[in-house]
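Quick mapping for you: the protein sequence lines, in order, are chains B and U.
Following my numbering, the numbering of the first sequence begins with 1 at its first residue and continues without gaps.
Following my numbering, the numbering of the second sequence begins with 1 at its first residue and continues without gaps.
These aren't lab readings, by the way, just hints derived from the structure by calculation.
Treat the hints with care, as some may be off.
With a Cα cut of at most 25 Å, we get these calculated DMTMM-like pairs of lysine to aspartate or glutamate [unchecked claim]:
(1) B/Lys93 to U/Asp68
(2) B/Lys91 to U/Asp109
(3) B/Lys68 to B/Asp38
(4) B/Lys78 to B/Asp42
(5) U/Lys158 to B/Asp38
(6) U/Lys115 to B/Glu112
(7) U/Lys96 to U/Glu107
(8) U/Lys140 to U/Glu53
(9) B/Lys48 to U/Glu60
(10) B/Lys78 to B/Glu112
(11) B/Lys48 to B/Asp107
(12) U/Lys151 to B/Asp42
Treat the numbers as computed from the prediction; the structure is a model and nothing was measured.
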Amino acid sequence: MKKNIIRIGSIVLVLPFIFQVAVKIKNKRALRKRVLADGNSDYESTAKDIANGINGNTRKLYKELITKIHPDRFLDHKKIIANELSQQITKSKHNHSQLVELKNQVDKFLNEN
Amino acid sequence: MLFGESHQCLGFIFQVAKTKIMANIFSRIGTLLNRVVDIVSQGSLERVRILREFNLVFKEAFQSQNIDRHCTVTTSPGNPSFRHELSTMYIRSGFKITIQNDNNLIESDYIEISKYVIESAAFVRQLMALGYDTLIIKGKNQYKSLEIPLKEIANLHKYMLNS
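For reference, chain U alone in the conformation it holds in the complex (with noise of 0.2 Å):
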């Protein structure tokens, strides 16, 4: 009897650690795409440049305690109602800031932490630049999301005027 509910609590674990993989195979295919896709539509590696470096200093960042919170940069769908003159198409036009534990995040939370990347227009022109026009900040667990126009932010007059 004994023997048999230990028997399915391993069973239970190995689906579960079977599960994980799986999941995290599909993660690694998804980014693996999502990188041509970029290199293909943008002739450049500059989004994957970006997504890799903010990934990096925040992995280092939350692995060496200098931050509570792991937060991963990946690209998403934007909302097509924030379009501007660079957006690409809108199933990868939008810049999401996931933050993984995101236990006791309250609304402000996001608001506080989207001040922080919106605070740079020249950054904001850059994003801009290559393609995104939302600017999403999401917790793992929760279905809320905070979605920002970038181009409310900062715009391309300057450089259309340019032309």
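The following block holds chain B by itself, in its conformation from the complex (with noise of 0.2 Å):
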């Protein structure tokens, strides 16, 4: 009699603690899962925009675009755009895919002229 008391009470005080464990790993999972579904799960470009970083080509397009762009090189309205283009040029320093992007964007706006 004492001992099955003594495991109904071990189980009363136990299963508590497993079900807050159980709640946690399920809260911790459904967060996981929310982050992944946000994010690009499109690993090989970001890898390849971090190897061309540590390569040099994100700094020297970087700075072959920024060189183009300058916005005391136009007059204007276009110096306007100039400047807007080189400060997103500016936020993508370290974003080659995306400094692939705008170097479109600046021939464009280069042929424009």
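Please dock the two separately framed chains into a single complex, following the hints provided.
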């Protein structure tokens, strides 16, 4: 009888603990799922961006673009566009794929002149 | 006498080759065990996939001479003080980028490399969701390494408020 009481008591004491841990794990999994669903699962392009950065390609491209689009080289409304583009280029300084996209915009802008 | 010297030399080469093969076998077993633990602890292959894709891209870039530094990505022990809501156990919470040919690598190079990783907050959040809490940049033959707490780059508050 005494043993049974001890058994039941210990189960009653341990159960809330197990329940708490289970809820914690469930919440963690749900949070992980939400974060992963929101992100881009194309790790290959991220890895390529990083590889380009390590190699110095990103830095070269940034310097090339920022020199081409320097606002002092333009007048009037073109200066405003050049200013916007140079701000975007500075913002994407370490992101190779974004810089490649911006290069197209810069080329298009320069061809219009 | 000459035969004896060449015999000794051959023996030494044999020993070095044997040690390298053994190290290679141990590293492969370690990688396999890591993958098994990842699958069991996370319930998905996402951590395995991220490491495999990064290593593949770095290897291809190095072999095609696009980059002059050969980098490898592994899971390693993180820093317990960098823990966040989704951190896994600390011995598996480090996202480590090792530069294999680390000659002439100075501290500013580590910082420069880390900038390209932490540039994308979305990617950092994904790393955090996969249980990583520390970004480690290390040269293979150097004792020094750079450790960055991922929770300072991006946070998960937005996702927690949505729950």
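Distance restraint between B/Lys78 and B/Glu112, which requires alpha-carbon spacing of 25 Å or less: holds (10 Å)
25 Å limit on alpha-carbon distance, applied to hinted pair U/Lys140 and U/Glu53: Cα-Cα ~20 Å, so holds.
Are the Cα positions of B/Lys93 and U/Asp68 separated by 25 Å at most? Since the Cα atoms of B/Lys93 and U/Asp68 sit roughly 21 Å apart, the hinted pair holds (cutoff 25 Å).
25 Å Cα cutoff - pair B/Lys78, B/Asp42: Distance of about 36 Å is beyond 25 Å: violated.
Below or equal to 25 Å on CA atoms is what counts here, so check U/Lys115 against B/Glu112. Violated - the C-alpha atoms of B/Glu112 and U/Lys115 are around 34 Å apart, more than 25 Å.
Assess, step by step, whether the Cα of U/Lys96 is no farther than 25 Å from the Cα of U/Glu107, and give holds or violated. Holds, at about 16 Å.
Against the 25 Å threshold, does the CA-CA distance of B/Lys91 and U/Asp109 hold or violate the hint? holds (20 Å)
B/Lys48 and U/Glu60 were given as a pair; does the straight-line alpha-carbon distance stay at or below 25 Å? Holds. B/Lys48 to U/Glu60 sits at ~10 Å (cutoff 25 Å).
When you check the alpha-carbon spacing of B/Lys48 and B/Asp107, does it fall within 25 Å? At roughly 23 Å apart (the allowed maximum being 25 Å), B/Asp107 and B/Lys48 satisfy the hint.
Is the Cα-Cα distance between U/Lys151 and B/Asp42 25 Å or less? holds (22 Å)
Hint check: U/Lys158 vs B/Asp38, CA-CA at most 25 Å. Holds or violated? The given pair, whose Cα atoms are some 11 Å apart, holds under the 25 Å limit.
Does the structure keep B/Lys68 and B/Asp38 at a Cα separation of 25 Å or less? Violated. B/Lys68 to B/Asp38 sits at ~35 Å, over the 25 Å cutoff.
When the structure is compared with the earlier hints, violations turn up for hints 3, 4 and 6 and for no others.
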